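Input sequences plus hints: build the corresponding full structure.
The lines below spell out each chain.
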Amino acid sequence: AQKITQTQPGMFVQEKEAVTLDCTYDTSDPSYGLFWYKQPSSGEMIFLIYQGSYDQQNATEGRYSLNFQKARKSANLVISASQLGDSAMYFCAMRERGYSSASKIIFGSGTRLSIRP
Amino acid sequence: KAGVTQTPRYLIKTRGQQVTLSCSPISGHRSVSWYQQTPGQGLQFLFEYFSETQRNKGNFPGRFSGRQFSNSRSEMNVSTLELGDSALYLCASSRAGGEGETQYFGPGTRLLVL
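Heads up: the protein sequence lines correspond to chains Y and U, in order. Start counting at 1 in the first sequence, then tack on 2, and there's your number in the numbering used here. Start counting at 1 in the second sequence, then tack on 39, and there's your number in the numbering used here.
No wet-lab data here; the hints were simulated from the structure. Only a predicted model underlies this, so the values are computations on that prediction, with no experimental measurement involved. For each residue, glycine too, the CB sits at the ideal point set by N, CA and C. Everything hinted at is true.
Label pairs and their computed distance ranges (CB to CB):
no.	chain 1	residue 1	chain 2	residue 2	range
1	Y	LEU86	U	SER90	40 to 46 Å
2	U	SER66	Y	GLU63	20 to 26 Å
3	U	SER118	Y	PRO11	30 to 36 Å
4	Y	VAL80	U	GLY139	17 to 23 Å
5	U	SER66	Y	PRO11	36 to 42 Å
6	U	GLY79	Y	SER116	19 to 25 Å
Now the structure itself:
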């Protein structure tokens, strides 16, 4: 069964520092996608970055990068030069291909990131 | 390009009532998924619709149902509301729901059951 684990319930980081948010996953499907979302206090889930299981290189999107270690089944999010606006909940998510066209996305429990000025 | 829209944004109901939430996906997206988010249970998958058919379902009681229309708009219905149904209900859309496709979320509907 697919599973996502985020072991850091909360983190405090000084502004302009880099931060790594941990995510490990478990799946028996060789084809899957990994996602990171940001959820500010307003509630909307904002897509940040995607990594496919067959991608050879780590994904990057501006200040966000994904440290993908397939053998360890980890997909950590790295935010460089953190900003006050980065304070939010961050969710790691996974979607398997499945054995049919149907596949659902599951989410980890989230990490609440707080940036200190 | 317009994003995912959800209506209403806020809703207050009493126990035993029923509620219908609406979601309009991004234009061209045919897969719509629904999630329930609560402080205690986190984000939980409710169901996914594609081309007017439910093709995946989470572990929720039959009081939770949904449907999708030919224009890909989706509704979810909760009957006989319970206090524990108070939550943020999020809708997400993607083109076809493949494992490599990003789901884009709406702003959510906050439901309070009194």
